[in-house]
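Novice: The chain contents come next:
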Amino acid sequence: MPDSTATLTRGAVHRSGRGGWSWFARRYGAILPMAPGMLFLVVMSIYPTIYSLVISLFRWNLSDPTRMRFGGWHNFGLLLTDVTFWNAVGVTFKFVLIAVSLELILGLAIALLFFQRFPGDRFLRALLILPMVVAPVVVGLLSRYMLNVQFGIITFLTEALGLGRIDFFGEPNLALGTLIVIDIWQWTPFMFLIMLAALQGVPEDIIEAAKVDGARPVRIFFDHILHLIRYPVAVAVALRLIDAFRVYDIIFMTTRGGPIDVTQTLSWQIYDAGFKSLDIGYAAAYSWLMLIIVVATVTLVLRLLLNEQASR
Amino acid sequence: MISATPAMPRRSPLRTRARILTATRAGAALIVSLLFFAPIYWMILTALKSGNEAFKATPSLIVWPDFENFALVFTQSNFGLALSTSLFVSVTSTVLCLVLGASIAYPLARVKMRGQKHIAFWILSLRIIPPIAVIIPLFLLLRSVGLTGSIWSLVIVYTYMNLPLTVWLLRGFFADLPTEIEEASFVDGAGRLRTFIGITLPLTAPGLIATALLCFIFAWNEFLFANILTGAATRTAPVGLTEYVTPVSVEWNKIMAAGTLVVLPVWIGALAAQRYLVRGLTLGAVK
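Taken in order, these protein sequences are the chains called A and B.
Heads up: take any position in the first sequence, counting from 1, add 228, and you land on our numbering.
Heads up: take any position in the second sequence, counting from 1, add 24, and you land on our numbering.
This is chain A alone, in the form it adopts within the complex:
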């Protein structure tokens, strides 16, 4: 960072005299190690950003021999009037909002179970956190195996319960719900871990004081604890939102956007446009709209979470 003047906080020897290598080393030596990493980050982030902004303004299909033509806002106009785009927006929001809110509620509930120690809690916690480190590709395969209409274990259970065979991925009414349940299975442990850490960070004297005042546990939870853990909650929700918008691997392994278009998320459609239709100008415009949607949603949800709590 050439624009930043470094003053060494500790251990620096300031001698007079400037100019030459030794002056440079003394002045910038402490921050010089940052250069390679920062350069790498700048190249890898700025270049794709600018590049995709530029190509989003072009009509450019890799399979088209006439190649690039400037299109202005053509791609964006095409997208905003396209029903499949709005379908993907709807599907993605349904997926993200339902999954993340249920994960938060379940994670918090399970964290309350684990809040006070009991024999064997460490072992159970170790079992509970496993789903979130399973590669999403494996999750996709495993769910396909378990939900298989012919021999899956879940089919065995639904038949035993008298519900018959259910095609969870093939039924248009069920496919998205099934993906949401899978996401909840994989990511509730993440919420649980953070909520548990958050609860353990609540100062005990506040809870004690509320108890002395004669407040019931339920009231203590809603009046005090929920307010005290709002920052960890906000961080966890923001991170989950960011990741839920990315959902791709599981769809790739299971429904591939189908049946019809009920699991066509934004990520899936961008992949489809860029790597199947090779329409990369369109895909780049799509990427920009998606980025705007993600940033806007995360900002809005954070504001809601932190303001609503603060106004109490």
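Hint data in this document are derived by calculation from the structure and do not stem from the laboratory.
Note that the structure is a prediction, hence the values are computed from the model and not measured.
Warning: the hint list may mix true and false statements.
As the list claims (entries may be wrong) - Keeping only pairs whose Cα atoms sit at most 20 Å apart, straight-line, the calculated EDC-like set for lysine to aspartate or glutamate is:
hint: 1; chain 1: B; residue 1: Lys311; chain 2: A; residue 2: Glu432
hint: 2; chain 1: B; residue 1: Lys311; chain 2: B; residue 2: Asp200
hint: 3; chain 1: A; residue 1: Lys504; chain 2: B; residue 2: Glu267
hint: 4; chain 1: B; residue 1: Lys136; chain 2: B; residue 2: Glu204
hint: 5; chain 1: A; residue 1: Lys504; chain 2: A; residue 2: Asp489
hint: 6; chain 1: A; residue 1: Lys322; chain 2: A; residue 2: Asp471
Position chain B relative to chain A; hints supplied.
Specialist: Positioned in the frame of chain A, the structure of chain B alone reads:
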């Protein structure tokens, strides 16, 4: 309000009540944990089943372990190669991440500079960009330098993907270290670099290891970039898994064995890093 302390005889019913409550919580926690663990158990169980046992009408919940599927995964396909590719890519990108990350994080934590906060938050903001949104430009960039299909394209992308996390975590670990310890070393006449290597790094080792494990897990599990940037000879384990599923033959025992092989290393890693998992997953925001 002053509540009287309960007299001796009243203590025991209270205790019994507390015990019942604890037992109820423990029971509920057990059921929930088993529910979440059940699919993983089912995967490992299927991997250990022999032949047609996986397709039996009445599924068995306990089997005599048969490691044939694991052997077949290595002998009948290139999955062993895919696993070693994954290992190489994940380890290399993790090492690069730690080296680049520490050299950004340490000055960010210790040296006063203009725009410090802005730099830190700019790095954090990179985390919000969906990978799918940058994959086309990255693909074209890597193709123009002839790196698509090469292992190194993945090393580069994973290093980039995990660097923001690494910087934020390491910055926190370095900042947590009391400056007095480093000052003592300066007084002894050691230079900044020697102090960093001899004092700072050893003292923050647990944090460094936890960060490394997280980087490894994220790189190991990644699929989107791996699927697009690798060629036939350089596919990683998650990509290799997809090839087991063909319309013609779906050999679930072997798929589950391969899946278990993918999950096992990160499981061990996650359990080893458990103490730092929360901090790592929230980029240091929750300790």
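Novice: Taking the hints in turn, state whether each one holds.
Specialist: Results for each hint:
1. B:Lys311 <-> A:Glu432: Given pair Lys311 of chain B, Glu432 of chain A holds - Cα atoms ~17 Å apart, limit 20 Å.
2. B:Lys311 <-> B:Asp200: holds, 12 Å
3. A:Lys504 <-> B:Glu267: holds, 18 Å
4. B:Lys136 <-> B:Glu204: Given pair Lys136 of chain B, Glu204 of chain B holds - Cα atoms ~17 Å apart, limit 20 Å.
5. A:Lys504 <-> A:Asp489: holds, 16 Å
6. A:Lys322 <-> A:Asp471: Distance ~14 Å between Lys322 of chain A and Asp471 of chain A Cα, so the pair holds.
Of the numbered hints listed earlier, not one is contradicted by the structure.
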